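At position 75 of the sequence shown (counting the first as 1) the number is 75 in the UniProt record's numbering, and the numbers step up by one without a gap.
The set of hints was computed from the structure by calculation and includes no laboratory data.
Note that this is a predicted model, so its numbers are computed, not measured.
A portion of the hints provided could be inaccurate.
[As the list claims (entries may be wrong)] Beta-carbon label-pair distances, calculated as ranges: (1) S130 / T154: 37 to 43 Å; (2) G102 / R9: 28 to 34 Å; (3) D133 / E104: 15 to 21 Å; (4) L150 / T23: 29 to 35 Å; (5) D133 / G24: 40 to 46 Å; (6) A99 / T63: 35 to 41 Å; (7) Y27 / G60: 20 to 26 Å; (8) R13 / N124: 50 to 56 Å; (9) P76 / F30: 52 to 58 Å; (10) F33 / A136: 20 to 26 Å.
A virtual CB, placed ideally from N, CA and C, is assigned to each residue, including glycine.
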Amino acid sequence: MIGRDGPSRLTGRAVTQEAGVATGLLYTHFANFDDFLLGYAVDRTFQISGLVAGLPDRAGSDTVAENLSEALLATPMDTLLALTRLLAFRPDLTAGVRAVLGDEADGLAAIEHAVARYLAAERNLGRVPSGADTQALALAVVAVLHHIVLSGETEAAARTRIRRTTGALTAFPASTPT
């Protein structure tokens with residue numbers, strides 16, 4: 001619904017109508033609609049966190065660009081789109097997600113932290129230049145993902161752009177000048 005109609009159209013009635021259940025069912029499980037939205041945001045953030053959690057363990061395998069691309073593409077674009085739009089529309093939910101999942105898990109922050117840890121591991125193996133700012137690179141990777149997700153491209157186009165961009169971001173020179 002969020003991807004199709006946008007977050008401004010979300011109501012308890014719209015959600016239950018879409019699900020084909022009685023409106024009261026939502027309130028059997030949640031105190032109010034805000035609790036439902038928080039539950040949704042926590043669930044989707046937890047899913048995304050789980051999909052990228054193993055990225056640092058891939059250090060030393062495949063190429064840096066392939067590993068990053070696969071981690072970014074593990075989460076379905078519609079999930080990322082819905083979560084990103086919801087958190088942009090309701091930024092107050094971010095604090096609730098942090099309260100439940102921790103400071104490193106508020107929407108796309110889980111991806112950023114996993115990418116930074118992964119790039120640091122690759123730097124320790126010498127596959128990323130020793131002077132590379134892994135935090136800045138991780139932020140750039142997430143910014144690209146955020147832009148691509150919100151641009152509403154087809155899944156195929158988004159995949160192509162993510163692969164191309166991770167390749168460009170990780171095309172490190174063979175030796176870094178001093």
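Structure versus earlier hints, numbers of those that do not hold, lowest first: When the structure is compared with the hints, numbers 5, 7, 9 and 10 turn out to be violated.
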